[in-house]
Amino acid sequence: MLGQLIKHEFRATARRMLPALGVLALLGLLANLSFRILDSGFGGTPLRILLVLFIIAFFIGMIVAWVMALVMMISRFYRNLLGDEGYLMFTLPTNTHALIWSKLIVSTVWFIATALLIFLLMMLTGANLARMNGEDLAGIFHSMGEGLEFLRTLGVTNGSLILLGLEFVAAVVVTSLTTCLQFYAAMGLGQMSDNHKGLWSVLAFVGLSFAFQFLGTTVFAGLTGTDTMNVVIANLEELMQTAPGIVRAINAGIGSTMLLELIHGVILYLITSLTLSKKLNLA
Amino acid sequence: MSAILECRGLTKNFGRVCALDAVDLSIEPGRVVGLLGPNGSGKTTLIKLANGLLTPSAGELLIAGEKPGPASKAIISYLPDRNFLPDWMSARQMLDFFEDFYPDFRRDKATEMLGRLGIEETIRFGQMSKGTKEKAQLILVMSREAGLYLLDEPIGGVDPATRDFILDTIIRNYNPSASVVISTHLIADVENVLDEVIFINSGRIVVHSSVDEIREAQGKSVDAYFREVFKC
Amino acid sequence: MSQTFRSDLPIYTQLIELWQRDIASGTLPPGARLPSVRDLAAELGVNPNTVQRALTELERAGLIYTQRTSGRFVTEDAAVIARCKEALGEGLIRDFLAAMKLLGYQKQDILSLLREEKEEES
Chain D
1 MLGQLIKHEF RATARRMLPA LGVLALLGLL ANLSFRILDS GFGGTPLRIL
51 LVLFIIAFFI GMIVAWVMAL VMMISRFYRN LLGDEGYLMF TLPTNTHALI
101 WSKLIVSTVW FIATALLIFL LMMLTGANLA RMNGEDLAGI FHSMGEGLEF
151 LRTLGVTNGS LILLGLEFVA AVVVTSLTTC LQFYAAMGLG QMSDNHKGLW
201 SVLAFVGLSF AFQFLGTTVF AGLTGTDTMN VVIANLEELM QTAPGIVRAI
251 NAGIGSTMLL ELIHGVILYL ITSLTLSKKL NLA
Chain U
1 MSAILECRGL TKNFGRVCAL DAVDLSIEPG RVVGLLGPNG SGKTTLIKLA
51 NGLLTPSAGE LLIAGEKPGP ASKAIISYLP DRNFLPDWMS ARQMLDFFED
101 FYPDFRRDKA TEMLGRLGIE ETIRFGQMSK GTKEKAQLIL VMSREAGLYL
151 LDEPIGGVDP ATRDFILDTI IRNYNPSASV VISTHLIADV ENVLDEVIFI
201 NSGRIVVHSS VDEIREAQGK SVDAYFREVF KC
Chain H
1 MSQTFRSDLP IYTQLIELWQ RDIASGTLPP GARLPSVRDL AAELGVNPNT
51 VQRALTELER AGLIYTQRTS GRFVTEDAAV IARCKEALGE GLIRDFLAAM
101 KLLGYQKQDI LSLLREEKEE ES
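Protein chains in written order, with this note's numbering: chain D, 1 to 283; chain U, 1 to 232; chain H, 1 to 122.
Derived from the structure by calculation, the hints contain no laboratory data.
A portion of the hints provided could be inaccurate.
[Claimed, not checked] Simulated pairs of lysine-lysine, DSBU-like, Cα-Cα distance not exceeding 30 Å:
| no. | chain 1 | residue 1 | chain 2 | residue 2 |
| --- | --- | --- | --- | --- |
| 1 | U | Lys231 | D | Lys7 |
| 2 | U | Lys130 | D | Lys7 |
| 3 | U | Lys130 | D | Lys197 |
| 4 | H | Lys85 | U | Lys220 |
| 5 | H | Lys107 | H | Lys85 |
| 6 | H | Lys118 | H | Lys107 |
| 7 | D | Lys197 | U | Lys231 |
| 8 | U | Lys220 | H | Lys101 |
| 9 | U | Lys231 | U | Lys220 |
| 10 | U | Lys67 | D | Lys7 |
| 11 | U | Lys231 | D | Lys278 |
| 12 | D | Lys279 | D | Lys7 |
[Said to hold, decoys possible] What follows is a list of derived Cβ distance ranges for each label pair:
| no. | chain 1 | residue 1 | chain 2 | residue 2 | range |
| --- | --- | --- | --- | --- | --- |
| 13 | H | Tyr65 | U | Trp88 | 50 to 58 Å |
| 14 | U | Ser177 | H | Phe73 | 22 to 30 Å |
| 15 | H | Arg94 | U | Asp168 | 32 to 40 Å |
Virtual Cβ for every residue (Gly too), placed ideally from N, Cα, C.
Bound conformation, chain D alone (with noise of 0.2 Å):
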């Protein structure tokens, strides 16, 4: 059934994100080459105002993108979960925890896509201006690749930077799924009121932030200066003597505050679920 949700709801997104995505890549392109004929010095004022234009547009664009990547993800859980069109998803032979995954999974793979383009597209503007400025970009690569080399001869082992990397896509994954669930959370309490949901689930929204602001604050607080931080802050001054020492601390960094985000997802997940199993009420 999950799968079937996911299909569906590719189905129900891809016809607005594809194309948004498509015209970001346009913009991208269209940037790239306005750059280059500026550089020629080839055409008039008009000319060079619309190209200007163009990369202006492609930094608009790009934030356009982000933009309706989030619109899209909460008004598919509003409209499609808690609208008119609720009364057809919740009578659905599945059970509530597949719809808000089917929702999860697909708002997360639209917030990649939609990330994984402005990446490759400012890696290509990137290597367009270094070009632009005489680079030889095979050079680029070549230093680079010295850098990683140089990494190694301190002792960083290859081992360590790939778990770096997958650190990083795993905290892309759960930092995403948190953002999508901040948001469902906050939908899945505001719908609980009769009337005035949408101005609840807002006063949700800011009260859930508030309160996990609030509690990381202190539990932060209360850590400071006891002995287990004590602990920790010393071997983390030990750690950033030596080179592959930073790298562990980065892998250690990264993975708790991951672990926090992880816990912080859960508790909304459970929020979520649980207004939207025992305490639903479509208007």
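Using the hints, position chains U and H against chain D.
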């Protein structure tokens, strides 16, 4: 025969408002049941509880012996009192959707009925009139071979031709192992297709009887009897 | 959904009367095959269980019979049909006489009125 829908002391409160008050009810398979009552009497609340869209405040509701969940949702075909069709979807995409989620969905049946009403499968719901969307939704719901059809106000605000189509569809779709519950306040229109009626008022069941019994015992139509019971 | 029903009687009893009349008058000839319950119900715009109930009653009275594989048929027994026709006719006469009595007619007056009516016809 065991009941397809059963309520025991079913109660639902919204804040301080009591929408259903300790309802005991049992509906057997193979029946066409009219759930009749004025607006705000608790008809929609009862149907939403049966669909698991609301949870009881007290008591319980069982569908074929089980609490509402994925299993009960697989055998219930539900026509809500509102439109659930997304504007961006075409009828054909919705047929795909129903086919994917409901093993009991008969696509050929739906296609045939859409064709009979002249509804193009390629047209998006956003481009259809309100009445056409209502018909399309009914066709989707009635094209399932479900165990229990819960139709919330299917004939409220439709033209006479559509009303006849709806009633005809319900009759033609009749199956001795399935039950149909039709909630409405337009009794005269549905009276002839009903086996039994449930009168509901202020969250309580006032009358639960067969249509024949009412006509025999009262010597009047269910519609007339309803007016008598509910006269204020 | 052309059929209209009286609202003060159960529909199944009205269906029984309707089909009794059709069989007695020959509108439904002996041996005629009846449509399926579903089709009858759809055609009349009534509940299939109601149709089923009326047919069961007719079957009990011997006016129709069921062949397990091929459906329901009007009886070919002329005596049964004649009895049904007789019963319907008696019922009509009873109702007629009761109505006339309410109007104050005596049996003799009624007979002479009927004779006059017959002469006008011929």
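message = So, against the hints stated earlier in the document, which numbers end up violated here?
response = 1, 7, 11
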